[in-house]
Amino acid sequence: MIPGQDPRKSGAVLLAAAAAAAFWAGWGLGLMPQGPVIATLGAGLIAAVVLVAMGGFPGLAGSLLGLCPVAALLILLAGAGTLAPVAEHQRLWPLILSQFAAMLALSLVPGAASRAAFARAGFVLALGLTLALPLGGQALADRWVLQTPVHLLIAFTACLVLAAQARQAVAGPTDATEARLVAGMAQLLPLLGFAGTVWGIMLALGALPAIFASDAPSTEALQDLLGGLGTAFETTLLGLAAAVVVAVVDLLLPQDGRAP
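Counting from 1, position 171 in the sequence shown corresponds to residue 250 in our numbering; the numbering is continuous, with no gaps.
It is possible that some hints are incorrect.
[Said to hold, decoys possible] Estimated spans, in silico, between C-beta atoms of each pair:
#	residue 1	residue 2	range
1	331	285	28 to 34 angstroms
2	289	259	45 to 51 angstroms
3	331	255	18 to 24 angstroms
4	89	119	23 to 29 angstroms
5	289	134	55 to 61 angstroms
6	119	160	18 to 24 angstroms
Derived by calculation from the structure, the hints in this document are not laboratory data. Quick reminder that beta carbons are idealized off the backbone N, C-alpha and C, glycines included.
Generate the whole structure from the sequences, applying the supplied hints.
What follows is the structure, given as C-alpha coordinates:
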(Lines of atoms letter the chains of each structure in order from A and count residues from 1; the text may use other names and numbers.)
(Lines give C-alpha, C1' and ligand atoms only; values in the text may rest on other atoms or scores of the structure.)
Protein backbone atom coordinates (compact mmCIF):
# COMPACT_ATOMS: atom_id res chain seq x y z
CA MET A 1 0.00 0.00 0.00
CA ILE A 2 1.19 3.49 -0.82
CA PRO A 3 2.02 5.44 2.37
CA GLY A 4 -0.82 7.80 3.28
CA GLN A 5 -3.33 6.09 1.00
CA ASP A 6 -6.74 5.47 2.54
CA PRO A 7 -7.31 1.69 2.65
CA ARG A 8 -11.07 2.21 2.51
CA LYS A 9 -10.75 4.08 -0.77
CA SER A 10 -8.49 1.39 -2.21
CA GLY A 11 -10.96 -1.29 -1.18
CA ALA A 12 -13.88 0.67 -2.66
CA VAL A 13 -12.06 1.07 -5.99
CA LEU A 14 -11.20 -2.63 -6.17
CA LEU A 15 -14.72 -3.72 -5.31
CA ALA A 16 -16.28 -1.26 -7.75
CA ALA A 17 -13.94 -2.56 -10.45
CA ALA A 18 -15.00 -6.11 -9.56
CA ALA A 19 -18.66 -5.11 -9.94
CA ALA A 20 -17.98 -3.68 -13.39
CA ALA A 21 -15.86 -6.70 -14.37
CA ALA A 22 -18.58 -9.19 -13.36
CA PHE A 23 -21.16 -7.18 -15.29
CA TRP A 24 -19.12 -7.06 -18.48
CA ALA A 25 -18.15 -10.73 -18.13
CA GLY A 26 -21.84 -11.59 -18.22
CA TRP A 27 -22.28 -9.33 -21.24
CA GLY A 28 -19.36 -10.93 -23.04
CA LEU A 29 -20.64 -14.45 -22.33
CA GLY A 30 -24.06 -13.56 -23.72
CA LEU A 31 -25.81 -14.06 -20.39
CA MET A 32 -27.49 -10.64 -20.52
CA PRO A 33 -29.63 -8.93 -23.16
CA GLN A 34 -27.46 -7.51 -25.92
CA GLY A 35 -28.64 -3.98 -26.49
CA PRO A 36 -27.79 -0.31 -26.03
CA VAL A 37 -29.63 -0.02 -22.70
CA ILE A 38 -27.61 -2.76 -21.02
CA ALA A 39 -24.40 -1.43 -22.59
CA THR A 40 -25.19 2.01 -21.17
CA LEU A 41 -25.70 0.51 -17.72
CA GLY A 42 -22.32 -1.22 -18.02
CA ALA A 43 -20.74 2.07 -19.04
CA GLY A 44 -22.31 3.62 -15.95
CA LEU A 45 -20.50 1.09 -13.80
CA ILE A 46 -17.20 1.96 -15.44
CA ALA A 47 -17.92 5.65 -14.79
CA ALA A 48 -18.62 4.78 -11.14
CA VAL A 49 -15.21 3.11 -10.86
CA VAL A 50 -13.54 6.25 -12.23
CA LEU A 51 -15.48 8.52 -9.87
CA VAL A 52 -14.63 6.37 -6.85
CA ALA A 53 -10.95 6.33 -7.84
CA MET A 54 -10.99 10.13 -8.20
CA GLY A 55 -12.77 10.53 -4.88
CA GLY A 56 -15.30 12.96 -6.33
CA PHE A 57 -19.10 13.00 -6.64
CA PRO A 58 -19.73 10.18 -4.12
CA GLY A 59 -23.48 10.53 -4.52
CA LEU A 60 -23.32 10.04 -8.28
CA ALA A 61 -20.80 7.20 -7.97
CA GLY A 62 -22.99 5.51 -5.37
CA SER A 63 -26.10 5.89 -7.49
CA LEU A 64 -24.39 4.35 -10.51
CA LEU A 65 -22.98 1.47 -8.47
CA GLY A 66 -26.26 0.80 -6.73
CA LEU A 67 -28.69 1.21 -9.62
CA CYS A 68 -26.94 0.02 -12.80
CA PRO A 69 -26.71 -3.71 -11.94
CA VAL A 70 -30.22 -3.61 -10.45
CA ALA A 71 -31.69 -2.03 -13.58
CA ALA A 72 -29.99 -4.70 -15.72
CA LEU A 73 -31.40 -7.42 -13.44
CA LEU A 74 -34.96 -6.09 -13.68
CA ILE A 75 -34.69 -5.78 -17.48
CA LEU A 76 -33.40 -9.34 -17.73
CA LEU A 77 -36.14 -10.77 -15.49
CA ALA A 78 -38.94 -8.75 -17.10
CA GLY A 79 -37.84 -9.93 -20.54
CA ALA A 80 -37.59 -13.57 -19.47
CA GLY A 81 -41.07 -13.82 -17.97
CA THR A 82 -40.34 -17.21 -16.37
CA LEU A 83 -37.61 -18.53 -14.12
CA ALA A 84 -36.35 -21.45 -16.21
CA PRO A 85 -34.48 -19.58 -18.98
CA VAL A 86 -32.57 -17.37 -16.56
CA ALA A 87 -31.82 -19.87 -13.80
CA GLU A 88 -31.06 -22.97 -15.85
CA HIS A 89 -28.45 -21.19 -17.96
CA GLN A 90 -26.79 -19.38 -15.04
CA ARG A 91 -27.74 -16.00 -16.49
CA LEU A 92 -28.19 -14.39 -13.07
CA TRP A 93 -24.77 -15.16 -11.63
CA PRO A 94 -22.83 -12.26 -13.24
CA LEU A 95 -25.39 -9.82 -11.84
CA ILE A 96 -25.38 -11.57 -8.45
CA LEU A 97 -21.60 -11.11 -8.24
CA SER A 98 -21.79 -7.57 -9.61
CA GLN A 99 -24.39 -6.50 -7.06
CA PHE A 100 -22.54 -8.18 -4.20
CA ALA A 101 -19.30 -6.36 -5.10
CA ALA A 102 -21.20 -3.08 -5.55
CA MET A 103 -22.88 -3.54 -2.17
CA LEU A 104 -19.51 -3.98 -0.46
CA ALA A 105 -17.98 -1.07 -2.37
CA LEU A 106 -20.81 1.26 -1.36
CA SER A 107 -20.26 0.44 2.30
CA LEU A 108 -16.79 1.96 1.89
CA VAL A 109 -17.69 5.05 -0.16
CA PRO A 110 -18.28 8.06 2.13
CA GLY A 111 -21.75 9.49 1.74
CA ALA A 112 -22.99 6.69 -0.53
CA ALA A 113 -23.78 3.88 1.90
CA SER A 114 -27.55 4.41 1.57
CA ARG A 115 -27.34 3.47 -2.14
CA ALA A 116 -26.24 -0.01 -1.09
CA ALA A 117 -29.90 -0.76 -0.31
CA PHE A 118 -30.63 -1.13 -4.03
CA ALA A 119 -27.68 -3.44 -4.71
CA ARG A 120 -28.56 -5.43 -1.57
CA ALA A 121 -32.14 -5.89 -2.74
CA GLY A 122 -31.07 -6.95 -6.22
CA PHE A 123 -28.59 -9.41 -4.74
CA VAL A 124 -31.23 -10.96 -2.48
CA LEU A 125 -33.81 -11.18 -5.29
CA ALA A 126 -31.41 -12.68 -7.84
CA LEU A 127 -29.92 -15.16 -5.39
CA GLY A 128 -33.37 -16.19 -4.19
CA LEU A 129 -34.57 -16.82 -7.75
CA THR A 130 -31.42 -18.78 -8.56
CA LEU A 131 -31.97 -21.04 -5.55
CA ALA A 132 -35.70 -21.38 -6.24
CA LEU A 133 -35.20 -23.66 -9.25
CA PRO A 134 -33.23 -26.46 -7.52
CA LEU A 135 -35.47 -26.13 -4.45
CA GLY A 136 -38.63 -26.68 -6.48
CA GLY A 137 -39.90 -23.13 -6.26
CA GLN A 138 -40.15 -22.38 -9.98
CA ALA A 139 -43.96 -22.37 -10.12
CA LEU A 140 -44.11 -20.03 -7.10
CA ALA A 141 -41.55 -17.66 -8.61
CA ASP A 142 -43.26 -17.63 -11.99
CA ARG A 143 -46.67 -16.92 -10.43
CA TRP A 144 -45.83 -14.32 -7.80
CA VAL A 145 -42.58 -12.70 -8.95
CA LEU A 146 -42.16 -12.95 -12.72
CA GLN A 147 -45.73 -13.00 -14.02
CA THR A 148 -45.80 -9.27 -14.88
CA PRO A 149 -43.46 -6.30 -14.43
CA VAL A 150 -45.69 -5.10 -11.58
CA HIS A 151 -45.25 -8.41 -9.74
CA LEU A 152 -41.49 -8.03 -10.24
CA LEU A 153 -41.39 -4.45 -8.93
CA ILE A 154 -43.39 -5.40 -5.84
CA ALA A 155 -41.06 -8.33 -5.14
CA PHE A 156 -37.97 -6.15 -5.61
CA THR A 157 -39.32 -3.39 -3.34
CA ALA A 158 -40.20 -5.94 -0.67
CA CYS A 159 -36.67 -7.39 -0.90
CA LEU A 160 -35.21 -3.90 -0.48
CA VAL A 161 -37.20 -3.15 2.65
CA LEU A 162 -36.82 -6.58 4.27
CA ALA A 163 -33.07 -6.73 3.53
CA ALA A 164 -32.64 -3.27 5.07
CA GLN A 165 -34.64 -4.33 8.13
CA ALA A 166 -32.50 -7.44 8.51
CA ARG A 167 -29.37 -5.31 8.30
CA GLN A 168 -30.74 -2.97 10.98
CA ALA A 169 -31.50 -5.90 13.25
CA VAL A 170 -27.98 -7.30 12.88
CA ALA A 171 -25.77 -4.22 12.52
CA GLY A 172 -27.73 -1.60 14.44
CA PRO A 173 -29.08 1.81 13.39
CA THR A 174 -28.66 3.08 9.85
CA ASP A 175 -28.12 6.67 8.82
CA ALA A 176 -31.10 8.96 8.39
CA THR A 177 -30.85 8.92 4.57
CA GLU A 178 -31.19 5.16 4.36
CA ALA A 179 -33.96 5.17 6.96
CA ARG A 180 -35.96 7.65 4.84
CA LEU A 181 -35.30 5.58 1.72
CA VAL A 182 -36.50 2.37 3.33
CA ALA A 183 -39.58 4.06 4.80
CA GLY A 184 -40.46 5.54 1.42
CA MET A 185 -40.05 2.21 -0.37
CA ALA A 186 -42.24 0.51 2.24
CA GLN A 187 -44.97 3.06 1.56
CA LEU A 188 -44.71 2.28 -2.17
CA LEU A 189 -45.73 -1.36 -1.73
CA PRO A 190 -49.53 -0.87 -1.53
CA LEU A 191 -49.33 1.84 -4.20
CA LEU A 192 -47.59 -0.58 -6.57
CA GLY A 193 -50.33 -3.09 -5.81
CA PHE A 194 -53.00 -0.53 -6.72
CA ALA A 195 -51.07 0.38 -9.88
CA GLY A 196 -51.22 -3.29 -10.83
CA THR A 197 -54.97 -3.17 -10.20
CA VAL A 198 -55.41 -0.34 -12.70
CA TRP A 199 -53.16 -2.03 -15.23
CA GLY A 200 -54.99 -5.36 -14.91
CA ILE A 201 -58.38 -3.69 -15.34
CA MET A 202 -57.08 -1.88 -18.42
CA LEU A 203 -55.97 -5.24 -19.87
CA ALA A 204 -59.37 -6.72 -19.10
CA LEU A 205 -61.21 -3.79 -20.70
CA GLY A 206 -59.01 -4.14 -23.77
CA ALA A 207 -60.45 -7.62 -24.31
CA LEU A 208 -64.09 -6.46 -24.26
CA PRO A 209 -64.30 -5.31 -27.91
CA ALA A 210 -63.25 -8.77 -29.11
CA ILE A 211 -65.81 -10.38 -26.79
CA PHE A 212 -68.73 -8.22 -27.95
CA ALA A 213 -67.71 -8.34 -31.60
CA SER A 214 -69.39 -11.72 -32.10
CA ASP A 215 -72.15 -13.79 -30.61
CA ALA A 216 -69.65 -16.50 -29.65
CA PRO A 217 -66.61 -14.87 -27.99
CA SER A 218 -63.33 -16.52 -28.74
CA THR A 219 -61.52 -18.46 -26.05
CA GLU A 220 -58.50 -16.21 -26.47
CA ALA A 221 -60.54 -13.06 -25.78
CA LEU A 222 -62.06 -14.62 -22.66
CA GLN A 223 -58.60 -15.65 -21.48
CA ASP A 224 -57.37 -12.08 -21.96
CA LEU A 225 -60.31 -10.77 -19.94
CA LEU A 226 -59.78 -13.22 -17.09
CA GLY A 227 -56.00 -12.72 -17.22
CA GLY A 228 -56.41 -8.97 -16.83
CA LEU A 229 -58.75 -9.38 -13.88
CA GLY A 230 -56.39 -11.92 -12.35
CA THR A 231 -53.51 -9.49 -12.66
CA ALA A 232 -55.58 -6.76 -11.01
CA PHE A 233 -56.53 -8.87 -7.99
CA GLU A 234 -53.17 -10.61 -7.62
CA THR A 235 -51.07 -7.44 -7.65
CA THR A 236 -53.39 -5.81 -5.12
CA LEU A 237 -53.11 -8.82 -2.84
CA LEU A 238 -49.32 -9.02 -3.32
CA GLY A 239 -48.75 -5.32 -2.61
CA LEU A 240 -50.94 -5.31 0.49
CA ALA A 241 -49.48 -8.56 1.81
CA ALA A 242 -45.93 -7.28 1.35
CA ALA A 243 -46.85 -4.02 3.12
CA VAL A 244 -48.31 -5.97 6.07
CA VAL A 245 -45.20 -8.15 6.34
CA VAL A 246 -42.73 -5.23 6.36
CA ALA A 247 -44.92 -3.34 8.84
CA VAL A 248 -44.97 -6.32 11.23
CA VAL A 249 -41.20 -6.77 10.91
CA ASP A 250 -40.71 -3.06 11.61
CA LEU A 251 -42.79 -3.35 14.78
CA LEU A 252 -40.68 -6.30 15.91
CA LEU A 253 -37.39 -4.43 15.42
CA PRO A 254 -35.91 -3.09 18.66
CA GLN A 255 -36.08 0.65 19.08
CA ASP A 256 -32.28 0.97 19.00
CA GLY A 257 -32.31 -0.84 15.60
CA ARG A 258 -33.89 2.14 13.89
CA ALA A 259 -32.34 5.35 12.75
CA PRO A 260 -33.26 8.43 14.78
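Structure-based check of all given hints:
1. 331 x 285: 28 to 34 angstroms: Taking Cβ atoms as reference, residue 331 and residue 285 lie about 43 angstroms apart, which means the hint is violated.
2. 289 x 259: 45 to 51 angstroms: Roughly 46 angstroms apart at Cβ, these two residues keep to the hinted range, so it holds.
3. 331 x 255: 18 to 24 angstroms: Given range 18 to 24 angstroms: holds, Cβ gap about 21 angstroms.
4. 89 x 119: 23 to 29 angstroms: Cβ of residue 89 to Cβ of residue 119: about 28 angstroms, so the range 23 to 29 angstroms holds.
5. 289 x 134: 55 to 61 angstroms: About 60 angstroms separates the Cβ atoms of residue 289 and residue 134, which means 55 to 61 angstroms holds.
6. 119 x 160: 18 to 24 angstroms: holds (23 angstroms)
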